[in-house]
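Asker: Below are the chains, spelled out letter by letter.
6 protein chains.
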Amino acid sequence: MGIHKFFTSLNDLERIFRAPGRFKFEEHNVAAHSWKVSQYAMFFGTLEEMNGAKVNWKSLYEKTINHDFAEVFIGDIKTPVKHASIELKQMLAHVEEKMMENFIKEEIPTEFQEIFSMRMKEGKDNTLEGRLLEFSDKLDQFYESFAELKRGNTDKEFVIMYQQALKNLLKMPLPVSVRYFRNEILSDVIKEDTQINVAALTHEILNKLNKK
Amino acid sequence: MGIHKFFTSLNDLERIFRAPGRFKFEEHNVAAHSWKVSQYAMFFGTLEEMNGAKVNWKSLYEKTINHDFAEVFIGDIKTPVKHASIELKQMLAHVEEKMMENFIKEEIPTEFQEIFSMRMKEGKDNTLEGRLLEFSDKLDQFYESFAELKRGNTDKEFVIMYQQALKNLLKMPLPVSVRYFRNEILSDVIKEDTQINVAALTHEILNKLNKK
Amino acid sequence: MGIHKFFTSLNDLERIFRAPGRFKFEEHNVAAHSWKVSQYAMFFGTLEEMNGAKVNWKSLYEKTINHDFAEVFIGDIKTPVKHASIELKQMLAHVEEKMMENFIKEEIPTEFQEIFSMRMKEGKDNTLEGRLLEFSDKLDQFYESFAELKRGNTDKEFVIMYQQALKNLLKMPLPVSVRYFRNEILSDVIKEDTQINVAALTHEILNKLNKK
Amino acid sequence: MGIHKFFTSLNDLERIFRAPGRFKFEEHNVAAHSWKVSQYAMFFGTLEEMNGAKVNWKSLYEKTINHDFAEVFIGDIKTPVKHASIELKQMLAHVEEKMMENFIKEEIPTEFQEIFSMRMKEGKDNTLEGRLLEFSDKLDQFYESFAELKRGNTDKEFVIMYQQALKNLLKMPLPVSVRYFRNEILSDVIKEDTQINVAALTHEILNKLNKK
Amino acid sequence: MGIHKFFTSLNDLERIFRAPGRFKFEEHNVAAHSWKVSQYAMFFGTLEEMNGAKVNWKSLYEKTINHDFAEVFIGDIKTPVKHASIELKQMLAHVEEKMMENFIKEEIPTEFQEIFSMRMKEGKDNTLEGRLLEFSDKLDQFYESFAELKRGNTDKEFVIMYQQALKNLLKMPLPVSVRYFRNEILSDVIKEDTQINVAALTHEILNKLNKK
Amino acid sequence: MGIHKFFTSLNDLERIFRAPGRFKFEEHNVAAHSWKVSQYAMFFGTLEEMNGAKVNWKSLYEKTINHDFAEVFIGDIKTPVKHASIELKQMLAHVEEKMMENFIKEEIPTEFQEIFSMRMKEGKDNTLEGRLLEFSDKLDQFYESFAELKRGNTDKEFVIMYQQALKNLLKMPLPVSVRYFRNEILSDVIKEDTQINVAALTHEILNKLNKK
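So the protein lines, in turn, are chains S, F, W, D, B and R.
Residue 78 in the working numbering is what sits at position 77 of the first sequence, and the numbering runs on without skipping anything.
Residue 68 in the working numbering is what sits at position 67 of the second sequence, and the numbering runs on without skipping anything.
Residue 146 in the working numbering is what sits at position 145 of the third sequence, and the numbering runs on without skipping anything.
Residue 140 in the working numbering is what sits at position 139 of the fourth sequence, and the numbering runs on without skipping anything.
Residue 147 in the working numbering is what sits at position 146 of the fifth sequence, and the numbering runs on without skipping anything.
Residue 154 in the working numbering is what sits at position 153 of the sixth sequence, and the numbering runs on without skipping anything.
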C-alpha cells in the first residue's frame, strides 16, 4: 500500500489518550497534543529569534509535528514504566525504532522512504530545535496538569506531574525561553483562581531551585 | 494578561468539534484536525519540491498550524450557513477578523502583536503554500467523510461531503499533487472494504469531471 | 419529502450542545434545554395567572417548544459572535429566517406550511407569552451556570454567564415572576453548599441593582 | 425547600437514558425525549384539528411535557420488567404515584401543590389528548429504533422495538393520525437507504395487520 | 440457544451504570463493580481465615461474581424505589427470580440448569460467605461515594450514600473485618486530601455509633 | 499506607481500555474484562469437572480475578509491541514483576505481602486452572472482536483478532472445553445475523486447521 495507509493511520492518534488510567476532568489525545506543542514551539522559536538565535524553522516544525507519531505503534506507555530502568527505556526505544523502520519499508512509497526515516527520528537532540521541542513538550505537560489542578483534581499524580514539568522546564538549556517562562508565564499562572493551591506548589519548586 | 492566556486558549480548540449536529461514529476536534492538515501539507509540500517547486516551509507550516485558530471565537459554524450568501460570508469573515484583532491587542504582549497578526491572517491565498493549505484542509474533509462511509454511516450529509471534497480536490490548481492524489491515493481508497459503496461514489465524480 | 424529514431533524438537536468550546462538567443539548424551558414557563405562567394575568397557553407552550429549532440550521453560535455587532446579529437573524423559510417550503407538506411559518417565528416578542419565553430561556442559562459553579468550575465564563443571566432576569418586565424569583428562588440558591462562592456572586449583582 | 428543588431536579432527567443496558449507536435522555414527544403531538394535534376535532391544547402540551417526569424517582425501568405481571405493573405505578405525592408534599410550595398533582397524573387516558400523548410517545420509540436499524444495529431488541411500536401505532384509536402515519410517513420511511432492511420489517407488520 | 446467549449477555452488564440519574465525575458499570467486589472479598476472606474462620472460597467467589447478574433483566433500579415499601421490594425480588428462572430454562443448556439456578440465587444469606458478600458490596458503595466527595461532588446524595454505607459496614456481623476496616482503612481514608470534608462526615457517624 | 491504597487502585483499572488506539463501537475496560473472564472460567471449570477433572476452584477464581491487575502499572500495551521480540517480551514481563514486587512491599501491609505475591504471579501456567485462565482470556478476545464484526466494524485489526483468538482457542490443551466451544458455541455464533460475514471468517480457520 501507499501513502493512503499512512494518512489513515493519523486518525489512530486521535484515539490514543495521554496519561492512560488516571482520573482526569478532561482527556487529551496525541494528535491534539502534537498541535499544541507546535504552537508553543512557534512562540518560543520567535522569542529566541528576536533575541538573536538562528532558528531552522522547517526542522523545528517537523520535529514538533512528528515527535509522537511512533505512539501509533506502542500507545502511550505509562511514564513510570518508561523510567523503570535504563535498559528497558533503551529497549523500548529500540523496538519503537524497528517498528517505525518496518512501517516505512512496508507502507511508505520508495521515493519517500528516506525523507520519512529522517523526519520520524527521535527529535530531542542538542540542536536549538531539539531543545525547543523538548521545552514545548514539557510545557504541554505543565499545562495539562495545571488545568486538572485548577479544577480540583485531588489525585497526587497531577501534583507530581505539575512539579516535575515545572522543574524540568526551569532547568532546560534555553536561557531566553526559560527566563520568559519564569518571569511572564509563571507570574500569570500564580494569579489564577484555582481549586488546588497551584501558587504554593509553584513556589515550593522555585524555592528549592533557588537554594541550589 | 500575557501569552499565558493565549496558551490556555489552545485547549479550547480541543472542545470545538467539527460538523456539529451530525451523527458520526467518531468525533474530530479542531486541534487534532489542524495537526492532520499539517501532516498532509508536509507530504504534498515534499512532493511538489521533488517536482521542482520552491516551497516556503516556514510559511506552509505556520499556515496549517494556525488556519483554524479563529474558531476559538466563533466555533465551527455549520457549512450551509457560511455559504448562505456572499454577504453573510464576508460579514462573518469580517467579524472573525475583528475578534482576532481585538484578541491580539488585548491578550498578546506588544512585542509579538505584529507577528501574530500576520500569522493569524486567512492563509488560503494564491501562493503555493496557500494552495497547499487549501488542498490539505479539503483532504481532511475527504478522509473524515470516507471514515464515516466506510463504517456504514447512512446520513446523506457524508455522501455529499465526500463527493464535494473529492470534486474540490481534483480541481485544485496544483497539478502535481492532484495527479498523485488521483493516481495513487484514490486507487487505494477504491480498493478498501467499505459498508457504503465508496468506489461507486468516487467513480460517479470521476466520470462527471471527465465528461467536461 | 414530507413530515418524516422534519421528524428526523428533531434528533439533530440532541447533538447540538450549548456553550460549545467551554469546559463543562456536564453538557446540555438543545432538545433537553427546550424541554426545561417549557417546564419553567409552565410554572411562571401558572404564577402569573394566579396573580390575575390572562395566559394564552397554546401560544406559550408553542413558543417554548419551538424557540431554538432554528439551531438545526446554524448550530449554537458562540454568544460573543452574536453580539459582535448589531449588523451581524441582524444578518444572522435574517439568514436563519431565510433558511427556515426554505426548509418549510421544501420539507413541510403544503397544507402545514402556513402554520409552521407562524410557529417557527422568533417568539420573544412583547406579549406576556413572549416575555415568559425570554424569562424561562434566561432561567435555564442561570441554572446551567449555577450547576457548573456549584461543582467548582473555575472558568471565568460561567461566572460571567451566571451574573449576566441573573441581571437580565431581575430586569425583565414581569414584576410578579421577578419578585418570586428574587424572594423565593434566590434565597434557596444562596443557601446551597457550592464549591465556588455563588452567594457572594449573587449579592454583588443584587447590590449593584439596588444602588440604581 | 421551594420550587428551586423542583427546577434542579429537571436536570436529573438529562441523565436518565432510555433503553438502559442495550447497545446503541446513539443515546437518548428522557428530557430530550419529552421534547420530541411534544413536537410530534403539536403536529398530530394540528392534523386532528384540521379534520374537525376539538383539541384542548393546554392539556395536550402539559401531558407531553410532564409524561415522564416520574422517571426522576424510579429511572427508566426495563420494559420487560414493567410487563412481567399485571400485579407488578400496578404496584410500580402505585409506588411511582406515592413517590410523586410525597415529592409534591415536601418540595412544592403549598399554593402550587394541587395544580402539580393534577399535571403529574398519568396522562394516557381516553381523551383525545391522552390518545395523542400515547401515539406521540410510541412514535418516538418508532423513530429511536428506526435510527438504530438505519445505521446497522444488529441487536434483536431494536427489530422487536420497531415492529412493536409500528403495530401499536397502527392500532391506536386515532383514525386520522393513523391514516396519515400510514400513508405519508411510512411511505417515506420505506424509501430510505438503511443498513438493516427496514422496508421488509415494515411490510411484514403491514401484511399481518391486513390479514386480520 | 445455548451458552453463547449467556456469554453475550455478560456484555450487557458493561452498559448498566450504577446510581443512574445522579451527576457523577466518574461512571461505574455493573461488570466492573462485580470485579471490585470480588477483590474486596478476596482480602476480607483472607483476613477472616487468618483469624481462624473457615472460608468456603468457591462459594465466596461465586457469590461475588454472580451477585448482580440479575440486573441484566431489571437494570439498576434506583435505591429509593427498592426501599419504598416491603411489599414492593418483595415483589421486585420475586419478579427478578421469575425472570432468572425463565432465562435459565430458555437459554441455559439442560445439563447446566440446576447448577446455574443455585449460583444465581440471592447470595446475601447468613453464612460467612453471604456476610462477606454483603460487606464487600457495601464497601464498593463506600468507595464510589468517597471518590465523588474527594473530587468535590456537592450533590447531597453522595454524602448520604457515604454515611449510609459507612454505618452499614460498621454494623455488619463480621467483627474481625469490621475492626480492620475501622482501625486500618478508615484512618487512611481520613488522612486523604479531599474537596468535601470527608473526615468530618466520617467522625459524625463514628460519634453517633459510639453514643449508643 | 495500607490496604486502602490497594483498594483505590482497583478503580484505575476501570480507566484502562483494551485495544487502545483502535476504532471500536464499544470500549471495554480491564476491570469489566476480568469479571467476564471469571464468568467464562466458572462455566468451563464446571464443564471440565462434569467430565471428571478435579478443579481447584479457589485457585481458578483467584487467577482470573487477578490476571490483569499488573496493567495498573503498565497500561494495556499494544499487542504488536508485546510480540515485537522475545527479549522485549521478557523484559516487559520482568519490569511488570519488579513494579508489582515494589508495590507489594510499599503498599500492602506486611502480614499480607506473601499471599499477595503468590496471587499476583503470572497465572497462565500448565495446571488445569492456568489453562482455563488462558482459554477464558482468549474467549473474551473472541467475543470482543465478534461484537465489533457483528456491528460492521471494517477495521482489519478485528478480523485478525477474531481469527487469531479462534485459532488459539481451538489449539488449547483442554480437549473437553475445546470440543464444547467448537460444537456448541461456534455453531450458535455462525447462525447470527452479522454485518461482516463472521461465518465465512470462521469456516476459513476451521478449514485451515482441519487440513493439517
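One thing to keep in mind: the hints can contain errors.
Chain copies aren't distinguished; within one or between two, either way the pair holds.
Below, a list of computed lysine-lysine pairs in the BS3-like style, where the Cα atoms sit at most 30 Å apart [said to hold, decoys possible]:
| id | residue 1 | residue 2 |
| --- | --- | --- |
| 1 | K122 | K209 |
| 2 | K122 | K212 |
| 3 | K209 | K55 |
| 4 | K99 | K55 |
| 5 | K122 | K55 |
| 6 | K157 | K6 |
| 7 | K6 | K59 |
| 8 | K172 | K125 |
| 9 | K192 | K99 |
| 10 | K122 | K59 |
| 11 | K83 | K6 |
| 12 | K55 | K157 |
Hints listed in this document are in silico derivations from the structure and should not be mistaken for laboratory results.
Asker: Decide, hint by hint, whether the structure agrees.
Answerer: Each hint tested on the structure:
1. K122 with K209: Intra 35 Å, inter 41 Å, cutoff 30 Å: neither.
2. K122 with K212: neither (38 Å within a copy, 45 Å between copies)
3. K209 with K55: Neither: 33 Å inside a copy, 51 Å across copies.
4. K99 with K55: neither (33 Å within a copy, 33 Å between copies)
5. K122 with K55: both (22 Å within a copy, 25 Å between copies)
6. K157 with K6: For K157 and K6, the Cα distance is within 30 Å only across copies (12 Å; inside one copy 40 Å).
7. K6 with K59: both (25 Å within a copy, 27 Å between copies)
8. K172 with K125: For K172 and K125, only the intra-copy Cα distance (15 Å) is at most 30 Å; the inter-copy one is 40 Å.
9. K192 with K99: Between copies, since 28 Å is at most 30 Å while 46 Å is not.
10. K122 with K59: Result: close both inside a copy and across copies, 15 Å intra and 20 Å inter.
11. K83 with K6: Both: 28 Å inside a chain and 23 Å across chains, each within 30 Å.
12. K55 with K157: This pair counts as neither: shortest intra-copy Cα distance 40 Å, inter-copy 39 Å.
Hints 1, 2, 3, 4 and 12 from the earlier list are contradicted by this structure; the remaining hints agree with it.
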